[in-house]
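Quick one: dock chain against chain with the hints and give me the complex.
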Amino acid sequence: MRRIWSALAAVALVAAAAGCSGDDGGGGSGGGNVPGVTDTEILVGTHMPLTGPAAAGYSKIAPATKAYFDYVNANGGVHGRKISYKIMDDTYNPATTQQVVRELVLQDKVFAILNGLGTPTHTGVLDFLKTNRVPDLFVASGSRSWNQPDKYPGTFGFNVDYTVEGKILATHVKQTQAGKKVCFLGQDDDFGRDALAGIEKVLGPVAAKQSYVTSNPNVGPQMGALKQAGCQVVMLATVPGFTALSLGTAAKIAFKPQFVVSQVGADLGTLSKQLGAAAPLTEGLISDNYLPLSNDEANPWIQLYKKVNAAHNGNAEFDNNIVYGMSVGYLFVQSLQAAGKDLTREGLIAAIEKGGFQGPGLAPLRYSADNHAGYGGMRLSKVAGGKQTYFGETFETDDADGPVAPYSTPPAAPPANGIPAAS
Amino acid sequence: MSVTLAPKVSAAPRLTRQARKHRHLLWTVAAAVLILALTYVLPPFRNYQLATVGAYLCVTAGLTVLTGLNGQLSLGHGALMATGAYTVAMVQEKLSGRGQWTLLVAVLAGIAVATLAGGIVGLAAARLRGPYLAGLTLAVAVVVPAVASTFDKTFNSDQGLSVYVDPPPLALGATFPYERWQAWLAWAGALITVFGLATLVSGRFGRSLRAVRDDEAAARIAGVNVARTQVLAFVVSAACAGLGGGLFAVLAQSVSPGAFPLSLSLFLVMAIVIGGLGRLAGAVWGAVLLVALPALTHSVTDSIDVSPAVAQRLEGNLPLALFGITLIIVMLAAPGGIASLRPRRRKA
Numbered sequence: 001m002r003r004i005w006s007a008l009a010a011v012a013l014v015a016a017a018a019g020c021s022g023d024d025g026g027g028g029s030g031g032g033n034v035p036g037v038t039d040t041e042i043l044v045g046t047h048m049p050l051t052g053p054a055a056a057g058y059s060k061i062a063p064a065t066k067a068y069f070d071y072v073n074a075n076g077g078v079h080g081r082k083i084s085y086k087i088m089d090d091t092y093n094p095a096t097t098q099q100v101v102r103e104l105v106l107q108d109k110v111f112a113i114l115n116g117l118g119t120p121t122h123t124g125v126l127d128f129l130k131t132n133r134v135p136d137l138f139v140a141s142g143s144r145s146w147n148q149p150d151k152y153p154g155t156f157g158f159n160v161d162y163t164v165e166g167k168i169l170a171t172h173v174k175q176t177q178a179g180k181k182v183c184f185l186g187q188d189d190d191f192g193r194d195a196l197a198g199i200e201k202v203l204g205p206v207a208a209k210q211s212y213v214t215s216n217p218n219v220g221p222q223m224g225a226l227k228q229a230g231c232q233v234v235m236l237a238t239v240p241g242f243t244a245l246s247l248g249t250a251a252k253i254a255f256k257p258q259f260v261v262s263q264v265g266a267d268l269g270t271l272s273k274q275l276g277a278a279a280p281l282t283e284g285l286i287s288d289n290y291l292p293l294s295n296d297e298a299n300p301w302i303q304l305y306k307k308v309n310a311a312h313n314g315n316a317e318f319d320n321n322i323v324y325g326m327s328v329g330y331l332f333v334q335s336l337q338a339a340g341k342d343l344t345r346e347g348l349i350a351a352i353e354k355g356g357f358q359g360p361g362l363a364p365l366r367y368s369a370d371n372h373a374g375y376g377g378m379r380l381s382k383v384a385g386g387k388q389t390y391f392g393e394t395f396e397t398d399d400a401d402g403p404v405a406p407y408s409t410p411p412a413a414p415p416a417n418g419i420p421a422a423s
Numbered sequence: 001m002s003v004t005l006a007p008k009v010s011a012a013p014r015l016t017r018q019a020r021k022h023r024h025l026l027w028t029v030a031a032a033v034l035i036l037a038l039t040y041v042l043p044p045f046r047n048y049q050l051a052t053v054g055a056y057l058c059v060t061a062g063l064t065v066l067t068g069l070n071g072q073l074s075l076g077h078g079a080l081m082a083t084g085a086y087t088v089a090m091v092q093e094k095l096s097g098r099g100q101w102t103l104l105v106a107v108l109a110g111i112a113v114a115t116l117a118g119g120i121v122g123l124a125a126a127r128l129r130g131p132y133l134a135g136l137t138l139a140v141a142v143v144v145p146a147v148a149s150t151f152d153k154t155f156n157s158d159q160g161l162s163v164y165v166d167p168p169p170l171a172l173g174a175t176f177p178y179e180r181w182q183a184w185l186a187w188a189g190a191l192i193t194v195f196g197l198a199t200l201v202s203g204r205f206g207r208s209l210r211a212v213r214d215d216e217a218a219a220r221i222a223g224v225n226v227a228r229t230q231v232l233a234f235v236v237s238a239a240c241a242g243l244g245g246g247l248f249a250v251l252a253q254s255v256s257p258g259a260f261p262l263s264l265s266l267f268l269v270m271a272i273v274i275g276g277l278g279r280l281a282g283a284v285w286g287a288v289l290l291v292a293l294p295a296l297t298h299s300v301t302d303s304i305d306v307s308p309a310v311a312q313r314l315e316g317n318l319p320l321a322l323f324g325i326t327l328i329i330v331m332l333a334a335p336g337g338i339a340s341l342r343p344r345r346r347k348a
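For the record, the sequence lines run as chains R and X.
Going by UniProt numbering, the first residue of the first sequence is number 1, and it counts up by one from there.
Going by UniProt numbering, the first residue of the second sequence is number 1, and it counts up by one from there.
The shape of chain X in the complex, shown without the other chains (with noise of 0.2 angstroms):
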């Protein structure tokens, strides 16, 4: 049975599982290296920058295989970043000082809790279609701060809670930036996922998942556990957003549910959507929008010569319009998404 797929996977039909695997270590390696020597290029504040970009790609690639290639729309990645996030601000809070290995624990302990929360959301997401899948997942992103302030004793309410974290390892030098480090961190984040879900997608799981997507009852007959299919595709993307909870917990050093607030959930959602919906390249784009976008227009607005009361009005508001009008923009442009434009003009 043959099933739509997306080019970019038909792209090389005839590879064999292994050499795909290859193909994709070769791209990842290509791609630490240049990362590698962005952080020795750019400032500190661009670095920061550059290490949210690698918190948001954990995020963005997880629920683009979610919702572009499953079909299943979550407006609550935001709450699942936020146990992870919690999760490590609590285990570094237990095991501080010990040294490196054990933010390794915290992390790993964060992708852990999150994907129990993903499974748990992703049963009961199974059984939904459309408008009550969107209304489950909305409950999930907007119950964050009613969780933290009713248990404040371990959560501490809207002040959150602050993250230990250590100095970069003494072996690369006392003077090491810390920014630089926490780009890396995050990085080994970013590239370990999109490798993991690349070589994930291409498989037989990445067929099973369009099959479900694109017609369920046609993937059934074809022998395609429909719910296992969509459990799992939660739980996977869970676990990504947990990673990438824990990284902005890192990156950070605080948590706070005012970093996971419902718009958080909604602003990925349209990332992935301006960045191009079902493709891991259209995260990497809509992860640099979630950075890019907000700096621009915070640029913008300090550049722009207006009446304190109006700078005051287009400050909180402007980062919203913008990326409004960029999605309305890419979408009557390119309905595929940013990382749908280039291989339109190479065949032109």
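This is chain R alone, in the form it adopts within the complex (with noise of 0.2 angstroms):
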């Protein structure tokens, strides 16, 4: 017993000794009491799946995200203050997810969350999140448990949400695809059941639906049964590793249904990679997207935020996750802008809910008091000769019974200098 004694002591020096250092080098605020906000600097964090089973792609989110806030910070940032992102690796676990916001928060003390990326990873850090009173902003996935201002008045989504995009999908299968047996391959998780009951809103239910889990990488069960119920379109909620799997696994067995993709899991650029010389097997693939698409030269916003690949991501390949990491920190910064000089976490929020966010989205932004939900609608593309391009009109629809109709504002152009003014 003496010895555990002396252990515990020993311990209890370092965690002293590491505690006094913890407090000199975290909580670094200067004159203000606002967590993570100096007048020079505010520092915000992420987590997101740099390895695991979802780093494929996602993983060149936060990066792009952190290469437009160099961009603006180079630019003389935000009122005078830079933006520090401080980016966690989760790897999609959520119980890591609880660690490294926590350290975030606690430790590092972030003026707020921002894009965390994932729905079973963010779900278990909502809680947390809101005792410390910690905005959680645009997160990184299409769960509808962020858009919930009264349980969570601190989160907001970004993405479409499944449920909104299961019906656009569906509403588009249901038109092109009259009479054929439509199956479904989702997570095992709110993202496979969210973007479910959109489709099956639309469609009725599913001829044959199956699941899988991030943990297990291998669909082909699932896949031998949906060729098995004879599918012929496989409507599928999945992450871009679990697409490539996919559409690989179905390939195998000789089972050639369309594919209808979920955005988070349809990028073009990172299913190719995955497949490597099965890239192919992209081709004729259905999906949907609310941000202009990396291969659009022509578009302003590909032009501005090539132009910040450039100079400040290394020239990192150039797809849809860069696009949409850059359009998050364009938000952020037009967020930023809007709450003003005097920056306190109620009144980013405040600004946020005044909403009327203008920016590269085809679907309007629809912040409110009562509405934290991120993108509203979906415009569809489709895979033709190697090249993934939109087609058709761009739909906006909720996620309860209201009807998918056409929506027909243009995109915003972005400011000169590609950076949203102060309002």
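No lab work stands behind these hints, which were simulated from the structure alone.
Treat each hint with caution, since some may be false.
[To be verified] DSS-like cross-link-like pairs, simulated, lysine-lysine; straight-line CA separation at most 27 angstroms:
hint, chain 1, residue 1, chain 2, residue 2
1, X, Lys94, R, Lys201
2, R, Lys382, R, Lys181
3, R, Lys86, R, Lys306
4, X, Lys153, R, Lys227
5, X, Lys94, R, Lys151
6, R, Lys227, R, Lys209
7, R, Lys181, R, Lys252
8, R, Lys180, R, Lys252
9, R, Lys151, R, Lys181
10, R, Lys151, X, Lys153
11, R, Lys354, R, Lys341
12, X, Lys153, R, Lys209
13, X, Lys94, R, Lys130
14, R, Lys227, R, Lys256
15, R, Lys201, R, Lys382
16, R, Lys227, R, Lys201
[Unchecked claim] Residues of chain X clear of chain R, computed beta-carbon distances all greater than 12 angstroms:
hint, residue
17, Met90
18, Thr102
19, Leu136
Beta carbons: idealized from backbone N, C-alpha and C, even for Gly.
This is how it looks when you write it as structure tokens:
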């Protein structure tokens, strides 16, 4: 027992020493008492799957956001403050997310959590962020959980929610694939469930449904079951790695349905990289998006992002993940501009709830006091000749029983210097 | 019949059982005071880490008794932790909002269920030796995610369940830091575990454990029921793992299979080996390393200025590498683990 005691004492000393040094380094806020904000800096953090089963594609998002912040910083920052973006790897493991978000909030004392990625991962930290009154902005997922202003007043979505997307994709399937047998493969969490809810609102019960977990990289049994069921259209609510896995597995067992894939798992660049020589399997893939596509050279937003990517992101291979990351950065800077010079957590949330943000999106952002969901609509895309392009109109709808209706307001043009002006 | 004893226990052979118990109690109270003081000094995140050390200590202490003192290797303790954690999550869900006492009920239920699971595994384990035992317990660890996704209606697959935890009692003040409360809860569990185990293994049961570990035939001749001792060791160890898992659920306010991967079970074994196998002090070191090493590697990767691509690759793998290196260094420098280092220095 004495040795236990001495071990404990040693631990106590180490912990106390670490604690003191943590105090010096962690806080760092100058005059004001807003965590993470000084006269010259704003510290925000995020959790991202930089490694692990969902890293494919997604690991490029946060560096792109950071690159956009670096671009803004190089041009004087926001209200004289530079934005620091701390990226933590959670490997898409909800347990790790718990750890890293606590570290960001309690140790690094970030001003806000921005664009934390993943439905299963981020769901677990909602209560923690609420208890600590940390703004939880523009979550990188389309779960409907982010849109609960009464329960989680500081949480805002960014993506089109999976139910809205499911309704839009299903409406397209209903119109163009009438009479075909439609099936579903989704992630075994709120991502898959919300997507299926939207699909079934339009199509009624699907002919067959299967699910997968990211911890088990094998969809052989699921694809076999869908083939057995005679599916002609397979709708996927999958992360990119599992979209690629599904396409590859289906091809292996000579199963050739029309694939209709959720936006979060359908970036052609990511899929081609995953499939390697089997990249032609993506031909004909139907998906959707709400941001300009990375291969649309004529789009002024793409031109801006490419410029930022070259200057601040080591000219990383330009794909839709980078477009997404920079669009998140743009929206965050817009929010900061709207919140004004006296930045507080409450002020920022109030500014976002005021809404009215115009940006790269094809669909509207409808933030208000009682709507914290992200983008409200999607435009369909198709892979043809190895190129992913939009077709048809942009549609918008809600996550309830509202109609799927065209949305015709054109997206705004970016400001000349690429940085949103103070409002 | 005299059996090889670890030096720690033989240090006070003439003490009566009563005196030993009093001494253990004294140390435990002193440790409690120290932890209490620490929770007032440390900033919130350090308190959270301290709480995590406490939760790990429950598990490593139980595991070191099983593996170090009884010679049964378990690679499945992560699964036993998961059993405790999921039980706590589900009981708390059912009883939410009725007051602080529900937590005690939930944790006790978690211990009970983990004990039951440990008893079943232990019954099988008592018939197996060496690699076969490792294989069985490994299978237990591997099965967790599969169970969670097969019964996804109950366990909600990879996303897991959230755990309802009451805020600290109002009697402690309205602004009482949540992390300090967590540290108190975790260390209450840890100190009870360590006190209980220290008392248990310094008596007859401890001698039986060692006798069975050292020579089963000799132990049997000496009148020790080998199978019963082995199953009991597994049950005790499983109860500790259940408590630790339950505390983890309370700390993270969520449970998911990702929190109890195979690597956790392996890390637990590594931790008690590095700390000092068969010693409760070693379990303390092990628990500290389990928290400190990943945190340390994280700050190291943060401070090194490398290209983002390299940093990304380091991020996931560096803790593993560092754990491995630590294991090699400790085994070379101090085969008895970190806990064996101090007395040798005292002798010199």
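A quick look at each hint next to the structure:
The straight-line distance between the Cα atoms of lysine 94/X and lysine 201/R is roughly 31 angstroms, outside the 27 angstroms bound, and the hint therefore fails. Annotation: proposed proximity of lysine 382/R to lysine 181/R holds, straight-line Cα distance about 20 angstroms (limit 27 angstroms). A C-alpha spacing of about 23 angstroms is found between lysine 86/R and lysine 306/R, which places the hinted pair at or below 27 angstroms, so the restraint holds. Straight-line distance between C-alpha atoms of lysine 153/X and lysine 227/R comes to about 25 angstroms, which keeps the hinted pair within the 27 angstroms bound.
This hinted pair checks out: lysine 94/X and lysine 151/R have alpha carbons roughly 20 angstroms apart, not beyond 27 angstroms. About 11 angstroms separates the Cα atoms of lysine 227/R and lysine 209/R, which keeps this hinted pair within 27 angstroms; it holds. As the CA atoms of lysine 181/R and lysine 252/R are separated by approximately 21 angstroms, the hinted pair is consistent with the 27 angstroms bound. In summary, the hint linking lysine 180/R to lysine 252/R is supported, as the alpha carbons are separated by about 22 angstroms, within the 27 angstroms threshold.
Restraint check: the Cα-Cα separation between lysine 151/R and lysine 181/R comes to about 39 angstroms, which exceeds 27 angstroms; the hinted pair is violated. For the proposed pair lysine 151/R and lysine 153/X, the alpha carbon gap of about 24 angstroms is at most 27 angstroms, so the pair holds. With a C-alpha separation of about 17 angstroms, the suggested pair lysine 354/R and lysine 341/R falls inside the 27 angstroms cut-off, and the hint holds. With a C-alpha separation of about 15 angstroms, the suggested pairing of lysine 153/X with lysine 209/R holds against the 27 angstroms cut-off.
For the suggested pair lysine 94/X and lysine 130/R, the alpha carbons sit about 22 angstroms apart, so the restraint of at most 27 angstroms is met. At roughly 9 angstroms between alpha-carbon atoms, lysine 227/R and lysine 256/R fall within 27 angstroms of each other, so this suggested pair holds. With a CA separation close to 23 angstroms, the supplied pair lysine 201/R and lysine 382/R stays within the 27 angstroms bound. The hinted pair formed by lysine 227/R and lysine 201/R meets the criterion: a straight-line CA distance of about 24 angstroms does not exceed 27 angstroms.
Taking the minimum C-beta to C-beta distance to chain R, about 16 angstroms, the non-interface status of methionine 90/X holds against the 12 angstroms cut. Look at threonine 102/X: its CB is around 17 angstroms from the nearest CB on chain R, clear of 12 angstroms, so calling it non-interface holds up. No Cβ of chain R comes within 12 angstroms of the Cβ of leucine 136/X; the nearest lies about 22 angstroms off, and the non-interface call holds.
Against the hints set out earlier in the document, violations occur for numbers 1 and 9.
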